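Taken in sequence, the protein lines are chains A and B.
Counting from 3, one number per residue, gives the positions in the first sequence under the working numbering.
Counting from 16, one number per residue, gives the positions in the second sequence under the working numbering.
Derived from the structure by calculation, the hints contain no laboratory data.
Just so you know, not all the hints are guaranteed correct.
Cross-link-like lysine-lysine pairs, in silico, DSS-like; alpha carbons within 27 Å at most [said to hold, decoys possible]:
id : chain 1 : residue 1 : chain 2 : residue 2
1  : A       : K23       : B       : K140
2  : A       : K20       : B       : K193
3  : A       : K20       : B       : K172
4  : A       : K13       : B       : K105
5  : B       : K198      : A       : K20
6  : A       : K23       : B       : K172
7  : A       : K13       : B       : K143
8  : B       : K198      : B       : K143
9  : B       : K143      : B       : K99
10 : B       : K99       : B       : K198
11 : B       : K143      : A       : K20
12 : B       : K71       : B       : K140
13 : B       : K81       : A       : K13
14 : B       : K143      : A       : K23
15 : A       : K20       : B       : K71
16 : A       : K23       : B       : K99
17 : A       : K13       : B       : K198
18 : B       : K81       : A       : K47
19 : B       : K140      : B       : K99
20 : A       : K23       : B       : K198
21 : A       : K23       : B       : K193
22 : B       : K99       : B       : K193
23 : B       : K71       : B       : K99
24 : B       : K143      : B       : K193
25 : B       : K71       : A       : K47
Which chain A residues face chain B? A few, computed with CB under 8 Å, are given here [as the list claims (entries may be wrong)]:
id : residue
26 : I7
27 : D21
28 : E26
29 : F30
30 : L38
31 : L81
From the structure, some residues in chain A lie toward chain B, with a derived Cβ separation under 8 Å [claimed, not checked]:
id : residue
32 : R10
33 : D27
34 : R79
Remember, predicted model here, so these are calculated numbers, not experimental data.
Yeah, the Cβ is synthetic: ideal placement off N, Cα and C, and Gly gets one too.
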Amino acid sequence: MDHQIQERVQKTLDYIQKDRKITEDPWFFSRLTARLENEFEQSAKHGWLGITTLRLRPILAGMVLVIGIAGGIALGRVLSSPIVSGERTASGLVAEDDAASAIFRELSGSFDEQILLMK
Amino acid sequence: MTDRELLQGITQRDQAAFRLLVENHQQLVIRTCYSLVHDLEDAQDLAQEVFIEILKSASSFRGAAKLSSWIYRIAVNKSLNHLKSTRRRKAFTLFSFQDKGGLSKEEEIDGLNSSAGGDSVMEEKELKEALHVAINRLPVNQKIAFTLHNYEELPYKEIAEVMNLSLSSVESLIHRAKLNLQKRLTNYYHSNLK
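Next up, chain A with everything else stripped away, as it sits in the complex (with noise of 0.2 Å):
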């Protein structure tokens, strides 16, 4: 077993010499000529423009995250501004219902005493 398993060790370390050959790519320059075409057409399309919004992206996506939270925070105060407004109007409404009874207790009052008189 032990031999068996040095003679397999033995194979795979052989096997360095057939894994080492790499067939020749006749199209390897070709291709890479074009690849540098590509990327060369690529910067000189977007320009130092491109490249800087292509670093910066993931500071360009943590700032419009932190402008839409703000943003948020910003409407919820807007739209909670008229609860306030409301509270006031509330309150208005409690003082002039205060006014009203006040005006109809003494109206009422003139009217009791009216029927008095008629009594």
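Since the structure of chain A is already known, use the hints to place chain B on it.
Just chain B, lined up with the frame of chain A:
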């Protein structure tokens, strides 16, 4: 044309000089990348990146080392970066797409083994797989030194130049890599041949 003249030509955007450099070093670069990433298509893509890098930084080559050592260094760095990003992507894929329904690598290999038919093809596939797994599990420096010595057949001195290490360090790395490989392969076959 000397290395210096070649690089001078490349710096001056001389296409003939670039073509000559690619033709002279194409096999070297692809083989170095392949010995580290173990995938021919990836190795060819990486080799393209290596030559693009050479084109971009030809002016920064000071000529202190041999041109081939500089090219080997770029090829090794590109391959190691590729391995890092592949590992990261694999870890992400494991978390995200576990139930995608595709075949696992083992299933693909099993399929190849059963459909290939011939015993020799199957054996070769097994040897290749065992070898690549064992090399991949070596510590990085051992892996670089071992592959440069065994795939590229570089002398220790040039490996020391590529890796920026002393000659004795390279000797020690290669010796330890061989021992590690033998140990790992013995363990592998011990559990698989039972």
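Hints the structure fails to honour: Hint check: 4, 12, 13, 15, 18, 31, 34 fail, others pass.
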